[in-house]
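The primary structure of each chain is shown beneath.
There are 2 protein chains.
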Amino acid sequence: MTAGTTSGGPIPVALLPDNDPYISEAVLTAGGELTDLDGARVLVWTGDVAGFPEPLPDHIEWVQLRLAGIESFLDAGLLDEKRIWTNASGFYAENVAEHALALLLTGLRQINTAVLRHWDKESIDTSVRSLHGSTVAIIGAGGIARSLIPRLAACGAAVIAVNRSGRDVDGAMETLSFDRLDEVWSRCDHVVLAAPSTDETRHLINAQTLAAMRSHAWLINVARGPLVDEDALRRALIDGEIAGAALDVTDPEPPAADNPLWDLPNVIITPHVANPSSGLTRTLAPWVGENLRRFAAGGDDMLARVDPNASY
Amino acid sequence: MTAGTTSGGPIPVALLPDNDPYISEAVLTAGGELTDLDGARVLVWTGDVAGFPEPLPDHIEWVQLRLAGIESFLDAGLLDEKRIWTNASGFYAENVAEHALALLLTGLRQINTAVLRHWDKESIDTSVRSLHGSTVAIIGAGGIARSLIPRLAACGAAVIAVNRSGRDVDGAMETLSFDRLDEVWSRCDHVVLAAPSTDETRHLINAQTLAAMRSHAWLINVARGPLVDEDALRRALIDGEIAGAALDVTDPEPPAADNPLWDLPNVIITPHVANPSSGLTRTLAPWVGENLRRFAAGGDDMLARVDPNASY
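Listed in order, the protein sequences are those of chains E and V. Numbering (the working numbering) for the first sequence: 13 to 324. Numbering (the working numbering) for the second sequence: 13 to 324.
For the record, the hints were derived by calculation from the structure and aren't laboratory data. Errors might be hidden in some of the hints.
Restraint ranges, calculated between C-beta atoms of paired labels, are given here [unchecked claim]:
id, chain 1, residue 1, chain 2, residue 2, range
1, V, Asn218, E, Arg294, 28 to 36 Å
2, V, Ser177, E, Ser189, 49 to 57 Å
3, V, Ala223, E, Pro67, 51 to 59 Å
4, V, Ala224, E, Arg294, 22 to 30 Å
5, V, Arg199, E, Ala62, 38 to 46 Å
6, E, Asp50, V, Pro277, 45 to 53 Å
7, V, Ser189, E, Pro29, 48 to 56 Å
8, V, Asp243, E, Pro29, 46 to 54 Å
9, V, Arg179, E, Arg199, 49 to 57 Å
10, E, Arg199, V, Gly252, 44 to 52 Å
11, V, Leu49, E, Arg179, 52 to 60 Å
12, E, Thr210, V, Arg129, 29 to 37 Å
Glycine included, every Cβ here is placed at the ideal spot set by N, Cα and C.
Construct all of the structure, not just a fragment, from the sequences and the given hints.
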């Protein structure tokens with residue numbers, strides 16, 4: 013049930029700082045109406061922390077933010093307990109999971125090599141590998157892993173999931189907690205990084221873990237650059253300790269123009285586009301619509317609700 | 013039940029012309045034993061038509077060939093009705109389907125562009141597209157399509173299958189017969205070619221069909237080069253009639269070094285490696301093992317059985 017049918021009128025939504033066309037349409041379709049901040053019950057804020065309305069009027073009952081990483085809003089002390097706050101946690105997982113699969117398949121099928129070395133059939137024919145029948149470890153098994161597992165399963169690959177709790181992840185062959193990470197490297201064919209960047213995960217991929225991986229392993233990073241010790245990675249790739257690395261994130265970004273990673277034939281680098289900025293609101297829009305329906309129905313089961321008191 | 017348990021001894025298999033290690037192991041695992049042609053009941057022939065044993069002794073009850081395309085064996089009149097013949101029809105479908113998915117994802121996620129243009133974030137961020145929510149037409153819906161459909165479904169894409177009969181293909185949103193091909197182009201986002209090369213399918217992709225496709229469409233060819241009119245394709249790519257083409261096969265192969273396709277930024281060419289020659293017997297081996305088990309159990313339901321009298 014939408015606001016239009018429950019309270020006799022559409023829910024007034026302020027869409028700021030820009031009148032994004034995708035979200036605008038989603039709000040209208042979900043039974044909302046667009047208004048300015050003064051007349052709104054809901055704020056959909058598609059901007060960064062700079063410029064966020066302060067103080068936020070008390071009549072704003074719910075704020076929808078645009079990203080999953082809202083550290084800057086928390087740091088600025090903007091989140092209060094006067095209203096519902098939602099971020100975009102999980103909303104972009106399908107997109108990032110697709111990019112991770114794309115990177116892994118590009119490497120295994122040697123399409124990166126084919127793009128650079130025209131019809132080098134002799135060499136490429138012997139280096140093409142299949143995902144079918146392999147085991148993929150996903151380190152940091154949250155929303156991206158939940159989206160990636162069915163994709164990998166459809167390609168005939170099994171998954172070892174690694175998360176903080178060790179609690180079983182749906183569809184994974186096995187789930188391990190982070191403290192058992194050492195067991196993972198030699199048991200999987202490929203590794204996908206999908207963990208947040210924290211002190212604990214910094215250089216999680218290092219000389220020791222790279223040495224423990226199989227020589228045919230591909231390393232995929234769609235998380236954050238600092239998870240990987242890039243000097244160690246470069247040495248491992250040159251020495252053939254692993255087969256290749258496909259990185260959507262680096263540390264720093266972009267890598268320096270003279271970074272040797274650019275010239276290694278078994279490295280694929282995409283410019284942090286697993287969740288493209290330009291497509292963000294297009295992806296976000298249906299989720300905002302769904303959350304608006306849930307808000308209209310009482311707001312008890314809003315998606316990606318943030319606890320202002322929880323650490324991130 | 014295997015030969016070992018039914019008749020008191022393993023089934024004697026001749027593996028020719030080479031003693032391939034993958035197939036050898038599969039034969040032994042399935043309860044067979046390796047022997048020379050004179051002592052064999054089964055011949056697994058991993059070679060081409062040249063050198064095939066002629067005449068084949070009558071005590072060979074079953075011949076397993078290595079490829080799905082066995083035109084040369086049929087043309088040479090080698091297939092007779094004295095025994096069972098099996099080819100590899102469908103055995104490589106998973107591999108080819110994976111390559112088709114890999115090509116489509118490489119193009120949509122612009123990984124080919126990222127490999128050539130280092131961290132060109134501004135341009136790549138706006139051109140990355142997602143497979144999620146799209147519709148893919150698979151032209152020639154046999155084994156490759158059956159393997160590709162679940163992979164596409166896991167990525168959130170719907171499939172329109174096109175085959176000779178129009179008989180429903182499992183998992184496809186809709187199946188059309190070839191005579192309704194004209195309806196397909198404007199209704200799908202992307203096109204995967206998986207049809208055999210015949211007089212009928214020659215230049216199935218031509219100026220007219222390319223003009224009918226959507227401007228964001230990617231064309232994937234894992235079938236045969238002659239299905240595509242490459243001159244028309246080149247013009248369509250330059251004019252922006254479609255977004256890109258990823259070709260594992262061309263006409264001729266390889267394309268000439270001065271073929272303009274090599275230089276178009278929205279073209280990906282892999283050197284006919286969707287089913288790599290070097291990995292053929294590794295992929296074939298478990299199927300040979302399974303067929304040996306079925307042969308031992310009476311041979312009534314052998315996989316990829318060939319009717320020597322049928323045309324191909």
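- Item | Numbers of the earlier hints that this structure fails to satisfy, in rising order | Violated: hint 9 alone.
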